[in-house]
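J.: Next come the chains, spelled out residue by residue.
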Amino acid sequence: MTQPSRSGRHPVITWGVVAVLLAVGVAGTLVVPLYARTAPKLGPFPFFYWYQLAWIPIVAILAFAAYLLTSRTSRTSRGAHRGQRRRDE
Amino acid sequence: MSDVNAVSFTILLVLFILVTLIGFAAARWRRADSMQHLDEWGLGGRSFGTFVSWFLLGGDLYTAYTFIAVPALIYGVGAAGFFAVPYTIMVFPIVFVFAPRLWSVCRQHGYVTPADFVRGRYGSRGLALAVAATGILATMPYIALQLVGIESVLTVLGLGSSSNSFLKDLPLLIAFVVLAAYTFLSGLRAPALTAFVKDILIYVTVIVAIVYIPARVGGWTHIFNHAATHLASVNPKTGKPFGALITPPAGEWAYATLALGSALALFMYPHAITGVLATARRNVIRRNMAILPAYSLVLGLIALLGYMALASPAVNAGVKASGGNAQLAVPLLFEHIFPSWFAGIGYAAIVIGALVPAAIMSIAAANLFTRNIYREFFHRGASPAQETRVAQVVSLVVKAGALVFVLALSKSFAINLQLLGGVWILQTFPSIVAGLYTRWFHRWALLAGWAAAMIWGTIVAYRQPVPGVPGSHFGASTAVVPVLGHTAYIAVTAFVLNLVVALVLTVVFRALRLRDGADETEPADYSADPVDAPAPVPVRSAS
Numbered sequence: 001m002t003q004p005s006r007s008g009r010h011p012v013i014t015w016g017v018v019a020v021l022l023a024v025g026v027a028g029t030l031v032v033p034l035y036a037r038t039a040p041k042l043g044p045f046p047f048f049y050w051y052q053l054a055w056i057p058i059v060a061i062l063a064f065a066a067y068l069l070t071s072r073t074s075r076t077s078r079g080a081h082r083g084q085r086r087r088d089e
Numbered sequence: 001m002s003d004v005n006a007v008s009f010t011i012l013l014v015l016f017i018l019v020t021l022i023g024f025a026a027a028r029w030r031r032a033d034s035m036q037h038l039d040e041w042g043l044g045g046r047s048f049g050t051f052v053s054w055f056l057l058g059g060d061l062y063t064a065y066t067f068i069a070v071p072a073l074i075y076g077v078g079a080a081g082f083f084a085v086p087y088t089i090m091v092f093p094i095v096f097v098f099a100p101r102l103w104s105v106c107r108q109h110g111y112v113t114p115a116d117f118v119r120g121r122y123g124s125r126g127l128a129l130a131v132a133a134t135g136i137l138a139t140m141p142y143i144a145l146q147l148v149g150i151e152s153v154l155t156v157l158g159l160g161s162s163s164n165s166f167l168k169d170l171p172l173l174i175a176f177v178v179l180a181a182y183t184f185l186s187g188l189r190a191p192a193l194t195a196f197v198k199d200i201l202i203y204v205t206v207i208v209a210i211v212y213i214p215a216r217v218g219g220w221t222h223i224f225n226h227a228a229t230h231l232a233s234v235n236p237k238t239g240k241p242f243g244a245l246i247t248p249p250a251g252e253w254a255y256a257t258l259a260l261g262s263a264l265a266l267f268m269y270p271h272a273i274t275g276v277l278a279t280a281r282r283n284v285i286r287r288n289m290a291i292l293p294a295y296s297l298v299l300g301l302i303a304l305l306g307y308m309a310l311a312s313p314a315v316n317a318g319v320k321a322s323g324g325n326a327q328l329a330v331p332l333l334f335e336h337i338f339p340s341w342f343a344g345i346g347y348a349a350i351v352i353g354a355l356v357p358a359a360i361m362s363i364a365a366a367n368l369f370t371r372n373i374y375r376e377f378f379h380r381g382a383s384p385a386q387e388t389r390v391a392q393v394v395s396l397v398v399k400a401g402a403l404v405f406v407l408a409l410s411k412s413f414a415i416n417l418q419l420l421g422g423v424w425i426l427q428t429f430p431s432i433v434a435g436l437y438t439r440w441f442h443r444w445a446l447l448a449g450w451a452a453a454m455i456w457g458t459i460v461a462y463r464q465p466v467p468g469v470p471g472s473h474f475g476a477s478t479a480v481v482p483v484l485g486h487t488a489y490i491a492v493t494a495f496v497l498n499l500v501v502a503l504v505l506t507v508v509f510r511a512l513r514l515r516d517g518a519d520e521t522e523p524a525d526y527s528a529d530p531v532d533a534p535a536p537v538p539v540r541s542a543s
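Protein chains in written order, with my numbering: chain A, 1 to 89; chain B, 1 to 543.
For the record, the hints were derived by calculation from the structure and aren't laboratory data.
The beta carbon of each residue, even a glycine, is placed where N, CA and C say it ideally should be.
A couple of the hints might just be wrong.
What the hints assert, rightly or not - Stretch-level coverage of chain A by chain B, calculated; a stretch enters the list once three of its residues show a Cβ under 8 angstroms from a Cβ in chain B: (1) 18–28; (2) 37–44; (3) 49–56; (4) 62–71.
Said to hold, decoys possible - Per label pair, the in silico range of CB-to-CB distance: (5) Gly239/B to Leu42/A: 50 to 56 angstroms; (6) Ala54/A to Val466/B: 22 to 28 angstroms; (7) Val20/A to Lys240/B: 26 to 32 angstroms; (8) Val20/A to Pro467/B: 38 to 44 angstroms; (9) Leu34/A to Phe378/B: 39 to 45 angstroms; (10) Ser322/B to Val20/A: 25 to 31 angstroms; (11) Leu68/A to Ala25/B: 46 to 52 angstroms; (12) Ser322/B to Leu68/A: 46 to 52 angstroms; (13) Val31/A to Thr221/B: 26 to 32 angstroms.
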C-alpha cells in the first residue's frame, strides 16, 4: 500500500508544521500576562475565564490537525520502507 | 442516621451496585485465552481502541479529586485554582509528542511499566528502581485522595455522622472492599468498562449543573460579582484577601508553572502510562489527544461550580458548620440546589468517579511492584502466571494501605502527600522522556539528578507554612525560586535542578569514562507499530 507523498511534501516540513501547531497549543495558555485581565467580557464571563475555556476546543483542533499530518507522513514513509501494513485502520 | 436523604441514598446505592456488577462482568469482556499474564490483567490485553481508550484515559485525567478539590480551591482562593484548565490544555500537545514513542518501544519489548523501559534503555536496575519506587510512592496518596472524595459525599449524605467510628467508616470500607474484589478478578478491564458508566454520570451531572444551577443562585453576573467581592475581602485568619477573581501579576509565575508542571507530570504517573500502554495501536494515542480535551471542558465547568457554591448562602453555612472544609462545597451545592433524586446521581458521579481511577492506580502500582521490585530483586525467573498473581495481591495491599491512610492518619496528611506526589513524579521525567530520544545522559547522572530533586523538593515543600498558621508544614505547592525571586511550583524548580545535575554529571562521567549500561533497544523500536501484541513470553530472561 505504498502511497507516494502527495505534492512532494517533505517529512521534515510536515514535522516542522506539527511542532509549530503543538507549540502554539502550549503557549496559548502558558503566557499568563496575555489573559490575566477582566475585559473584554463575554457576557458575564471575565476575559480570564472565557479565554482559557476557548483554548480547549482550539487545542483539540490543533491536536487533530497534527494527528492528520503525522499519520499521513508515517504512512508514506513506512509504506516506502516496508511495503506492509494497513490492517485495521 | 435519621437525616440521611432516602431518595439520594437509594439512587447512589443502585448505581453503585450497577457498577459493581459491570466490574465483575468485565472479567469476561474480550476474554483472552489465559488471564494469567500481566499483559492481560495489568494492561487489558493491550487491546483498547480509540473509543475505550478515551474513557480509560479520561478516567486517569479526571478523578474525584478534580471533582472535589479543584472547585474547592476556586471556592477558597479564586483564580489561582483555575490553573487546572491550562494544565489540562497543555498536557495534550506535550503527550502527543512523546507518548507514541513510549508506546512503540514498550510494545516491541513487552514492557509493562515505565520502569521496565528505563531498565531496558539504560541497563540500570538502580535507575529503574528509582522510577518504580517514585511511581508507587506518588500513587499511594493519590488513591487515598479518591477516598477523601468519596468520604466528602458520604459526609454530606449524613452517612459519616454516626458517633460510632466503626459505623462511620463502614460505608467507605464496603465500597473499597467491593472495588478491591472486582479489580482483583478483572484487572484493567474493570475500570475500562466501568468508566463508561462513570463518564455518562459525570457528563450528565455537569451539563445539568451548568444549565440549572446558575439561575438558582442569581445568574452568572451575580455569581462572578459575588465571587469578586468575596475574594477581595480580608480573610480574618491571614489578614490578607481570600484570593482574586483574576490572577494578579505576582501570581502569574505560580499559575503558569503549576499548569506546566502538572501537565508534564500527568503522564509520568504510572496509571496514566498504563492507559497509554493498554491501547491497541500507535495512532490511538494521537487520535485521543484530539478528543480528550472534551474532558478539559467538563473540568473547566466543574471548576466554576466553586463560584456557584460561593454564591449559595446555604453552601457557605454548611461549609462553615463543618469547620471550614471547602471540600464539601460541591456535594453541598448538589444537596441544596438539586432535587434529591438528581443529587443522588451527582453523588454517584463523584463516588464512581473516584472508584474508577482508584482501580487503575492500584493496578498500575501493582504492575510496578511486580515487574520492577518483585521480579527484579526477589524472583528473577517469575513466570507470567506468578507475576499476575503477585500483581493481584499487591493491588489489594495498595488499596488497604490507602484505606489505612485515610482512616488512621489525618486527612490533611494525605493531601500533603498528594502535593509531594506531584513534586516527586515529575522527577522521573528526564529518565523516561529524555530516554525516548537520546542515550546521551549517563544512567548515574540521571539517578543523581533524580535524588537531588527529590530531596530538595521535599525539603522546600516541608518548609511552606499553611497561610495564617506559622510553624506549620506542607502549606503550599509553590515557593520562591532561588536566584529568580519569583514564586513558582516547587515541582518545576526541582525539575530544573534535576536537569542541571543530570547534564553536568553526564559531562563529568563521560569525561571520566565511567561505565555506562547496555541499551537493549534499537532506534527503529521507537517508531514501530506492530499490529499484534508481543508474544506472552518473559522478555528479559537473558539479562
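J.: Tell me whether the statement that chain B covers the stretch 49–56 of chain A is true, taking a Cβ distance below 8 angstroms and needing three residues at minimum.
T.: holds (count 5)
J.: Determine whether the Cβ-Cβ distance between Leu68/A and Ala25/B falls within the hinted range of 46 to 52 angstroms.
T.: Given about 37 angstroms between the Cβ atoms, the range is violated.
J.: The hint says 46 to 52 angstroms between Ser322/B and Leu68/A; measuring C-beta to C-beta, is that right?
T.: Check passed, 50 angstroms falls within 46 to 52 angstroms.
J.: In terms of beta carbon proximity below 8 angstroms, does the stretch 18–28 of chain A have 3 or more residues touching chain B?
T.: Satisfied; 6 residues make the cut.
J.: Falls inside 22 to 28 angstroms, the C-beta gap from Ala54/A to Val466/B?
T.: 35 angstroms, violated
J.: Given a hinted range of 38 to 44 angstroms, is it respected by the beta-carbon distance of Val20/A and Pro467/B?
T.: Distance hint for Val20/A, Pro467/B holds at roughly 41 angstroms.
J.: Please check whether the stretch 37–44 of chain A has three or more residues whose CB lies within less than 8 angstroms of a CB on chain B.
T.: Per the Cβ count (4), the hint holds.
J.: Are at least 3 residues of the stretch 62–71 of chain A within less than 8 angstroms of chain B when you compare beta carbons?
T.: Per the Cβ count (7), the hint holds.
J.: For the hint 39 to 45 angstroms, verify it against the beta carbon of Leu34/A and that of Phe378/B.
T.: Violated - the Cβ-Cβ distance for Leu34/A and Phe378/B, about 53 angstroms, lies outside 39 to 45 angstroms.
J.: Okay, Val20/A versus Lys240/B on CB: inside 26 to 32 angstroms?
T.: Cβ of Val20/A to Cβ of Lys240/B: about 42 angstroms, so the range 26 to 32 angstroms is violated.
J.: Tell me if the beta carbons of Ser322/B and Val20/A are separated by a distance inside 25 to 31 angstroms.
T.: 49 angstroms, violated
J.: Could one say that the CB atoms of Gly239/B and Leu42/A fall in the range 50 to 56 angstroms?
T.: 35 angstroms, violated
In the structure shown, a violation is registered for the earlier hints numbered 5, 6, 7, 9, 10, 11, in ascending order.
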